[in-house]
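A.B. asks: Use these hints to put chain B onto chain A, whose structure you have.
Going down the list, the protein sequences come from chains A and B.
According to numbering that gives the first Met the number 0, the first sequence is numbered sequentially starting from 0.
According to numbering that gives the first Met the number 0, the second sequence is numbered sequentially starting from 0.
There could be a bad hint or two in this list.
Claimed, not checked - Below, in silico cross-link-like pairs of lysine to aspartate or glutamate (DMTMM-like), each with a Cα-Cα straight-line distance of 25 Å or less:
no.: 1; chain 1: A; residue 1: LYS14; chain 2: B; residue 2: GLU168
no.: 2; chain 1: B; residue 1: LYS1; chain 2: A; residue 2: GLU7
no.: 3; chain 1: A; residue 1: LYS80; chain 2: A; residue 2: ASP35
no.: 4; chain 1: A; residue 1: LYS14; chain 2: B; residue 2: ASP135
no.: 5; chain 1: A; residue 1: LYS80; chain 2: B; residue 2: GLU49
no.: 6; chain 1: A; residue 1: LYS80; chain 2: B; residue 2: ASP191
no.: 7; chain 1: A; residue 1: LYS1; chain 2: B; residue 2: GLU140
no.: 8; chain 1: A; residue 1: LYS81; chain 2: B; residue 2: ASP57
no.: 9; chain 1: A; residue 1: LYS141; chain 2: B; residue 2: GLU23
no.: 10; chain 1: B; residue 1: LYS125; chain 2: B; residue 2: GLU168
no.: 11; chain 1: B; residue 1: LYS127; chain 2: B; residue 2: ASP5
no.: 12; chain 1: A; residue 1: LYS84; chain 2: B; residue 2: GLU186
no.: 13; chain 1: B; residue 1: LYS100; chain 2: B; residue 2: GLU87
no.: 14; chain 1: B; residue 1: LYS1; chain 2: A; residue 2: ASP35
no.: 15; chain 1: B; residue 1: LYS1; chain 2: A; residue 2: GLU59
no.: 16; chain 1: A; residue 1: LYS141; chain 2: B; residue 2: GLU140
no.: 17; chain 1: B; residue 1: LYS1; chain 2: B; residue 2: ASP92
no.: 18; chain 1: B; residue 1: LYS125; chain 2: B; residue 2: ASP114
no.: 19; chain 1: A; residue 1: LYS4; chain 2: B; residue 2: GLU23
no.: 20; chain 1: A; residue 1: LYS14; chain 2: B; residue 2: GLU23
no.: 21; chain 1: A; residue 1: LYS81; chain 2: B; residue 2: ASP191
no.: 22; chain 1: A; residue 1: LYS14; chain 2: B; residue 2: ASP5
no.: 23; chain 1: B; residue 1: LYS145; chain 2: B; residue 2: GLU186
no.: 24; chain 1: A; residue 1: LYS1; chain 2: B; residue 2: GLU49
no.: 25; chain 1: B; residue 1: LYS100; chain 2: B; residue 2: ASP75
no.: 26; chain 1: A; residue 1: LYS1; chain 2: B; residue 2: GLU118
no.: 27; chain 1: A; residue 1: LYS4; chain 2: B; residue 2: ASP5
no.: 28; chain 1: B; residue 1: LYS1; chain 2: A; residue 2: GLU137
no.: 29; chain 1: A; residue 1: LYS123; chain 2: B; residue 2: ASP30
no.: 30; chain 1: A; residue 1: LYS1; chain 2: B; residue 2: GLU144
no.: 31; chain 1: B; residue 1: LYS145; chain 2: B; residue 2: ASP177
no.: 32; chain 1: B; residue 1: LYS100; chain 2: B; residue 2: ASP177
no.: 33; chain 1: B; residue 1: LYS136; chain 2: B; residue 2: ASP114
no.: 34; chain 1: B; residue 1: LYS125; chain 2: B; residue 2: GLU87
no.: 35; chain 1: B; residue 1: LYS90; chain 2: B; residue 2: ASP30
no.: 36; chain 1: B; residue 1: LYS165; chain 2: A; residue 2: GLU7
no.: 37; chain 1: A; residue 1: LYS141; chain 2: B; residue 2: ASP30
no.: 38; chain 1: A; residue 1: LYS81; chain 2: B; residue 2: GLU23
no.: 39; chain 1: A; residue 1: LYS112; chain 2: A; residue 2: GLU74
For the record, the hints were derived by calculation from the structure and aren't laboratory data.
Owing to the predicted nature of the structure, the values given are computational and were not obtained by experimental measurement.
These are the residues of each chain, in order.
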Amino acid sequence: MKLLKQIELGNLSLKNSMVMSAMTRSRADIRGVVGDMTVQYYHQRVSAGLIITEAINISEEATGSLLTPGIYTQEQIDAWKKVTKAVHDNGGIIIAQLWHTGRVGHSIDRNGKLPLAPSALPIKGMQHFTSQGLKDYETPGKLPGTKSNKR
Amino acid sequence: MKAGFDGVELHAANGYLPNQFLAESANQRTDEYGGSIPNKSRFVLEVMQELISAVGGDKVGIKISPFHPYGNMILDNPVDTYTYLIEELNKLDFAFVELMKRSPYFPSASHYPADDEIELFGSMIKQKVIANTAYDKATAEAELEKGIAHLISFGTLFLANPDLPKRFEMGAELNQPDRATMFGGGEHGYTDYPFLIK
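One chain only, chain A, in its complex shape:
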């Protein structure tokens, strides 16, 4: 089976050609910190050739939904260290998916701040899952014309 064949990816040597894709699971705490449950979740899946984490917010500004994890405070980084150590100690490989949600957010869960996007155009035909239920998307603010804040 080709799926079970070893493969090189960048500088990584994967034990099979099966990747776990990023999936939002919304089990971080209110400060975007993942806990022991998340360590166990990824640890259990180390037989994947490669694990791609759930999308991780690169800043507070990038965040669109509550309980999604971040990687911009020391506390968040220290929490992810426990995940990567558990995966590595058990023969797995894990990379972080970096996330900026742009207009896919709601001010209800952003301390009242509107999301920022390329232009002030709201999402049509969908609603956002917020801490106060499904809400129509708001018209986002327009990002200034600077280089991105994604490091």
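C.D. replies: Just chain B now, kept in the frame of chain A:
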């Protein structure tokens, strides 16, 4: 990388910020980040260059979903836009492109072509291609046999089957994912999916 990760993937799919720059339904800018296809693509390419210089290209990948409309992503010309983006990405030295197909649950706009994304775009990509969305064991194996994609990524199958490679190898039954516990909650539906043999 301080957190011990082996690499990073830029999420430029599913209607999030990098994807928004590529779509006229979210980007009507008149500066150098909007308007023409090169301008719309500039944000994604600059972020990739930053990531490559920050952590090294061999540890960098990107996820794109050219025909997936989630998040109200409507491009005037999706084929030309993504063809340009891929040609420019091909000039950068990095590890992989995760190419996400549209989902049957999210039909594309009527002006979108019916082409298979892996055949159309995957064949243009210089980096390793990870094919994504709705694969099972048979369709995944068939996709690898075609020779365009090098790897296959699975979402809910890995969610529900922590030992998915072993189950494929043994031809074992698969646990079914529970939609109700996918987002939020505790251990149920997260860490309690059973292994074949523990």
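A.B. asks: Look at each hint and say if it fits the structure.
C.D. replies: Against the structure, the hints:
no.	hint	in the structure
1	A:LYS14 to B:GLU168	13 Å, holds
2	B:LYS1 to A:GLU7	23 Å, holds
3	A:LYS80 to A:ASP35	11 Å, holds
4	A:LYS14 to B:ASP135	19 Å, holds
5	A:LYS80 to B:GLU49	23 Å, holds
6	A:LYS80 to B:ASP191	23 Å, holds
7	A:LYS1 to B:GLU140	6 Å, holds
8	A:LYS81 to B:ASP57	24 Å, holds
9	A:LYS141 to B:GLU23	14 Å, holds
10	B:LYS125 to B:GLU168	30 Å, violated
11	B:LYS127 to B:ASP5	16 Å, holds
12	A:LYS84 to B:GLU186	20 Å, holds
13	B:LYS100 to B:GLU87	20 Å, holds
14	B:LYS1 to A:ASP35	19 Å, holds
15	B:LYS1 to A:GLU59	18 Å, holds
16	A:LYS141 to B:GLU140	44 Å, violated
17	B:LYS1 to B:ASP92	22 Å, holds
18	B:LYS125 to B:ASP114	20 Å, holds
19	A:LYS4 to B:GLU23	41 Å, violated
20	A:LYS14 to B:GLU23	41 Å, violated
21	A:LYS81 to B:ASP191	20 Å, holds
22	A:LYS14 to B:ASP5	15 Å, holds
23	B:LYS145 to B:GLU186	39 Å, violated
24	A:LYS1 to B:GLU49	34 Å, violated
25	B:LYS100 to B:ASP75	18 Å, holds
26	A:LYS1 to B:GLU118	19 Å, holds
27	A:LYS4 to B:ASP5	20 Å, holds
28	B:LYS1 to A:GLU137	35 Å, violated
29	A:LYS123 to B:ASP30	24 Å, holds
30	A:LYS1 to B:GLU144	8 Å, holds
31	B:LYS145 to B:ASP177	32 Å, violated
32	B:LYS100 to B:ASP177	22 Å, holds
33	B:LYS136 to B:ASP114	22 Å, holds
34	B:LYS125 to B:GLU87	10 Å, holds
35	B:LYS90 to B:ASP30	24 Å, holds
36	B:LYS165 to A:GLU7	20 Å, holds
37	A:LYS141 to B:ASP30	12 Å, holds
38	A:LYS81 to B:GLU23	41 Å, violated
39	A:LYS112 to A:GLU74	23 Å, holds
The earlier numbered hints that this structure contradicts are 10, 16, 19, 20, 23, 24, 28, 31 and 38.
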